[in-house]
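J.: So the chains spell out like this:
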Amino acid sequence: MKEGFRQAMAWLHTWVGLIFGWLLFAIFLTGTLSYFKDEITHWMQPEVQVHGVDDARSLAVAQAYLERQAPTAARWFITLPDSRDPGLSVMWQDKVDPGKRGNFIQKVLDPVSGQPVQVRESMGGEFFYRFHFQLQMPHPWGRWLSTFAAMVMFVALITGIITHKKIFKDFFTFRPRKGQRSWLDGHNAVGVLVLPFHLMITYSSLVIFMSMVMPAPIVASYGDDTRAFFSEVFPATDNAPALGQPGKLLPLGPMYAQARQQWAGGHVGRVAVNNPGDVNASVNVFRAGSDSVVHDFGSIVSFNGTTGEQVRVSGEPSLPAVIGGSFYGLHMGHFAGPVLRWLYFICGLAGTAMIGSGLVIWLGKRQLKHVKSGVMPFELKLVEVLNIASMSGLMIAIAAFFWANRLLPVSVAERSAWEVQVFFIAWGLSLLHAMLRRGRQGWVEQLSVGALLFVAVPLLNAITTSEHLGVSLARGDWAMAGFDLTCLGSGVFLAWAAWKMQRRAALPSKAEGVPSLKLKPEAH
Amino acid sequence: MLVALLMCYAGFTALCLSTDRHHGELLHSKPSPRRRLGLRAAGWLLLTVSIWPAVVIAGWGQGLVQWCAVLMLSALLLVLLLPYRPRLAMNLAGIGLLACPVAAVATL
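If you read the protein sequences in the order shown, they are chains A and B. Oh and the first sequence: position 515 is 515 in our numbering, straight run, nothing missing. Counting the second sequence from 1 gives a position; our numbering is that position plus 524.
Take these hints with a grain of salt, some might be off.
[Said to hold, decoys possible] One side of the interface only, derived from the structure: several residues of chain A facing chain B at Cβ under 7 Å:
1. Phe172
2. Ala189
3. Leu193
[To be verified] From chain B, some residues computed to sit far from chain A (all C-beta separations above 12 Å):
4. Pro557
5. Leu612
6. Leu616
7. Gly618
[What the hints assert, rightly or not] Stretches of chain A that chain B covers, calculated by requiring three or more beta carbons in the stretch to come under 8 Å of a beta carbon on chain B:
8. 285 to 298
9. 340 to 353
None of these hints come from the bench; they were simulated from the model. Backbone N, C-alpha and C define an ideal beta-carbon position, used for all residues, glycine too.
Taking the hints into account, I'd like the entire structure generated from these sequences.
T.: Rendered as structure tokens:
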């Protein structure tokens, strides 16, 4: 390969990596957390009690509740509890004039008593999931920016592979305690060893937002009628319209059982009932996303609600739908059981670490040139501030979000919005702090604060709820216990990082100065 | 997943030992050409064959995803262990290889 080409790629890798690194770090970390979206939500709404999963009972309870509360609604949605999310969620849409969409009302029910649970208002894990691709921006902009970031990530991955001269020779190489050399080794190791995941996650994110990134093929085949494309890709169920005559809805249990039979024992995720009080009521049973790697957007069995007759079974998805669905499924990991879910999580962390180490390397290399004079140019100071705020600052913000969930009074108006506010306030403060306390001192202080906040999460949970580790472990509530333990682990990790930083600050010349000067200019 | 994990880890360790640098670090000697070839063949064989238990247990869809995950993370584990606990890293591969048939009998 021509050296000129490789150098051009290295240049591209360096600069797109820097400009988008901070954003990508946040996208990767919050996306990684989203693999435990339901578990985080469970921790953030501890009022929802865990019961053994019993779909028949949950369904009967939900139907009874909805018949009492919303007999005239246009539509009911029942989302069944599963091992990850213990809440039985029901939602209904008021009857409204045609052409206008009615309000949706959502309640979480206790799957045994059927009573609505008074849960604290919180976005839970949904916040990280939404932030991960909407970036808390007004509607199209956040998605555009994150899609653009994904494209940049893809460019950074490809140029990174080209730049890396000795992928196979250095495959097993990691030399710690050698300053800049170790950072580069680590960056390469997590990059190369977890490369299939990085490529999959980045490419699939582009596929998921395909219609936004590359609308040309859709526009070419469907003209301006992009709705036609979506209704072909996501076949809506054309249900019978309401007749206006009152009817009696049959119990949903048998329809549920019949749908499962249809799927050879597959699981039910959601049940939707259209016009529940009408003689023309229709019931759609949706298959759970956890059943298959290939995500199927419309695996539905439909029934007539008053006769119980099976009306329609959605057909096998077409090949393009299977391909698109497998990218979607692989990205989201809905199908993953506990072990695989953890592996996903670790892969996500590896991606986050790759981005973070890349940012550190960029700065470290350039700072070396100014070690002697002791004066850093403005742009290096800026990068340093942004590095600190985007990495350790984000950790603090995440911890603050969890703290806000436990400390904000339940009665506060717009409580869930306040939790999000606290997240951004904490992030903003850490940016301010990074500007005031530069360099290692800034790192050490922020990492220590983050460590403290995370380590104390189990304690906070024990003080403010009755769901402390002793209770959750004894009861086998692994989502609750796992959250506490993971926070504890993250805190210990941050403390270790702070300690390392502190120690290196004490002997800067030995750790950084001499050996790293031997570095050959491989990656820039 | 366990069988695939053990096989992948052992496979990567064999591949790692087939390089002069790591063989020197871990066993303090240079591998003979025959040994190098043998290690390399064993490594690749273990990595390829490990698809089989993954797919047999979990089916093609889930199995391949699990195999990929295990493949990546066993290599990551090995690389992180090597500089800090080289003996442990090697011993784990040996123990894993020995435990493989047991785990296979238990799960397959």
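J.: Holds or violated: is the Cβ of B:Leu616 farther than 12 Å from all Cβ atoms of chain A?
T.: holds, 14 Å
J.: Given A:Ala189 was flagged as interface, is its beta-carbon under 7 Å from a beta-carbon of chain B?
T.: holds, 5 Å
J.: Does the closest beta carbon of chain B sit nearer than 7 Å to the beta carbon of A:Phe172?
T.: Since the shortest Cβ distance to chain B is 5 Å, the answer is holds.
J.: Taking a Cβ-Cβ distance under 8 Å as contact, does the segment 285 to 298 of chain A have three or more residues in contact with chain B?
T.: With 3 residues in contact (Cβ-Cβ under 8 Å with chain B), the coverage given for the segment 285 to 298 of chain A holds.
J.: Beyond 12 Å on every Cβ pair: is that true for B:Gly618 relative to chain A?
T.: At roughly 17 Å from the nearest Cβ of chain A, B:Gly618 sits farther out than 12 Å, so the non-interface label holds.
J.: Are all C-beta atoms of chain A more than 12 Å from that of B:Pro557?
T.: holds, 18 Å
J.: Regarding the assertion that B:Leu612 does not contact chain A, is the least Cβ-Cβ distance greater than 12 Å?
T.: holds, 15 Å
J.: Would the hint on A:Leu193 be counted as holding, given a Cβ-Cβ threshold of 7 Å to chain B?
T.: holds, 5 Å
J.: Check whether three or more residues of the segment 340 to 353 of chain A sit with their beta carbon closer than 8 Å to a beta carbon of chain B.
T.: holds (count 6)
Comparing the model with each earlier hint shows no violations; every hint is respected.
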